[in-house]
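K.L.:
So the chains spell out like this:
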Amino acid sequence: MITLSYFPGCSLTSSSSFYDRSLRRVLAFYEVGLRELEDWSCCGAAAAPAMRQELSDVLNARNIAIAEKSGLHLLAPCSACYARTRASALKIAGDRSTRDMVNEALSPMSVKGSLEVRNIIETFLQYVGVEKIAASVAYGIGSMRVVPYYGCLLTRIMGAPSSDDVEDPSGMDVLLDALGAVVVPWQFKTECCGAGSTATDRDRTTRLSGRIMAMAKKAGANAVVTTCPLCQLNLDLTTHARGDLAGIPVLFLTEVFELALFGSTPDSKHHLISMADIEGSVEILGGDSA
Amino acid sequence: MEIVPHRVIGYILSGEREKVLASTSPWKCLQCATCSLRCPNGIDVARVFETLRQISLASGFAAKNDVAHFDDLIIDSVQRHGRFAELETIMRYRLSKGQFMKDAAMGLDMLRKGRIGLSSHNIRGRKELGAIIRRMRGHRDR
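Protein chains in written order, with the numbering used here: chain A, 368 to 657; chain E, 6 to 147.
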C-alpha cells in the first residue's frame, strides 16, 4: 500500500472530471492512496511560459512547495501538468537563481525542487506492477484493438529527460497488453493533436486530430487510448468535423482498466464518440471474481 | 507558417530581429517539440519559439494575434481564481471576438455530455497568488 500526492489539474476538475473519477476508482482498487494537493493552483500550461518563464516557474513552484511538505511522490495525470511541474522541479533543484527567485516570490512558502513527479503510466508500472495488473483482470477485453496514443508532453518535456523512449514509447502498450487488449502497432503514438489551439484555430486542431484518428482507423483499431485530457478532448471532438471517422472512441487508459477490472465504467456517457460498442463487447471471464 | 522554422533560425543568426519578432510564426507553433527532438543541429527550436513569444510581447513587436490574446485571458483567470475557469474564459474570448455563434453545435454537444466546466473554483490562496501574478505581468521587460 502506497500513498501518492495527487495533482488533478484544471481539466480533471472540469471538462474531464470523469477521468478523475475513473482514475480514483482504479487506483483505489489497487490500494494506491491519493492525497489531493491542498489548495493547488493551475500549472500555467503553455500560456504562462509564452508570457514569461518566471511566471511559469512560480506557478509550478507553488504546487511543488505544497507537495514537498507531504514528502510523497506526486501523481499528475494531465500531460501538461506533469511536464510543467516536472520541468520546473528539476530547474528549481538545479538552478540556484531560479530557486531563489521562486522562493522570494512565494515566501513564506519554501521550495527545494526535490519532488518526484509521476504520470499515470509510470504510476501503474512502478507502484502497481505489470504482474499484479495482469493477475487482476476479471473481464475479457480481447475484442478491443487499441492504438496507444501518447501525444507530445509525456515524453517530449523541455528541460527534463523522458522515462520512456521519446520516438517509440511503450509504457502504455505494456499496460494495455497486460489488461488483455490487442495493441495495434501504428506510427502516430507521439503526433500532436493540436493542443490548446481549439479555441483560437479550430480548423488546425481538426486537421491534426483528424489525421491521428484517420491513422487509427487505417491501422485497424476500434479504440484510441490516451492519458492526456486535452488530447482526449481534441480527438473526441473530431466527431463534429469528420463524419468519415465515426465509430472509433477515445478512451482514457484508466477506463480500459475499468473495463478489464469491473466490466464497465459508469461515466461512458461523457464520451462525444460513443464507446457503447466497446462496452458491449466486454466478456465475463470464467472462474474469476467478477 | 509565415516564416518556416529553419528560416526563423536563419534570420535570428543574421540579426533580423524585427522581421522575426513581428512575424506570426512564433504564435503558430504548438510547442509539440518534435523539431527540437529531431533537429540535426541540436537546436531546441520549440524553446527558441517560446522565447520569441516572450521577447516579442515584451518588445511590443508582437503581431496582433489570437493566441496571445487567449493566453492572456487564461492567465487572467488564474490570477483571479487560482485556476483556469474553462467556460468563463472561452465566453470572454468569444465575446471579445464578436463570435457569438461560433462552434455552437459543438459547444452544445459538449454541454450536454458534461464536457465543459460550468462553475469556477476559487482557491483559498488566490489573493496571494493573484498579487504575485499581477506583479509578474506588470514588468515583462527582459
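No wet-lab data here; the hints were simulated from the structure.
Cβ coordinates follow ideal geometry from the N, Cα and C atoms, glycine included.
Any given hint could turn out to be false.
Quick list of in silico lysine-lysine cross-link-like pairs, PhoX-like style, CA-CA up to 25 Å [claimed, not checked]:
#1 E:Lys69 x A:Lys636
#2 E:Lys102 x E:Lys69
#3 E:Lys33 x E:Lys69
#4 E:Lys69 x E:Lys24
#5 E:Lys107 x E:Lys118
#6 E:Lys33 x E:Lys132
#7 E:Lys33 x E:Lys107
#8 E:Lys132 x A:Lys436
#9 E:Lys132 x A:Lys479
Chain A residues, not near chain E, derived (Cβ > 12 Å throughout) [unchecked claim]:
#10 Cys377
#11 Gly400
#12 His440
#13 Val497
#14 Val533
#15 Gly547
#16 Leu575
#17 Asp603
#18 Asp634
#19 Lys636
K.L.:
If a hint holds in the structure, say so; if it doesn't, say that too.
P.N.:
A quick look at each hint next to the structure:
no.: 1; hint: E:Lys69 x A:Lys636; in the structure: 40 Å, violated
no.: 2; hint: E:Lys102 x E:Lys69; in the structure: 13 Å, holds
no.: 3; hint: E:Lys33 x E:Lys69; in the structure: 12 Å, holds
no.: 4; hint: E:Lys69 x E:Lys24; in the structure: 14 Å, holds
no.: 5; hint: E:Lys107 x E:Lys118; in the structure: 19 Å, holds
no.: 6; hint: E:Lys33 x E:Lys132; in the structure: 33 Å, violated
no.: 7; hint: E:Lys33 x E:Lys107; in the structure: 21 Å, holds
no.: 8; hint: E:Lys132 x A:Lys436; in the structure: 21 Å, holds
no.: 9; hint: E:Lys132 x A:Lys479; in the structure: 23 Å, holds
no.: 10; hint: Cys377; in the structure: 4 Å, violated
no.: 11; hint: Gly400; in the structure: 23 Å, holds
no.: 12; hint: His440; in the structure: 23 Å, holds
no.: 13; hint: Val497; in the structure: 27 Å, holds
no.: 14; hint: Val533; in the structure: 6 Å, violated
no.: 15; hint: Gly547; in the structure: 28 Å, holds
no.: 16; hint: Leu575; in the structure: 8 Å, violated
no.: 17; hint: Asp603; in the structure: 8 Å, violated
no.: 18; hint: Asp634; in the structure: 9 Å, violated
no.: 19; hint: Lys636; in the structure: 7 Å, violated
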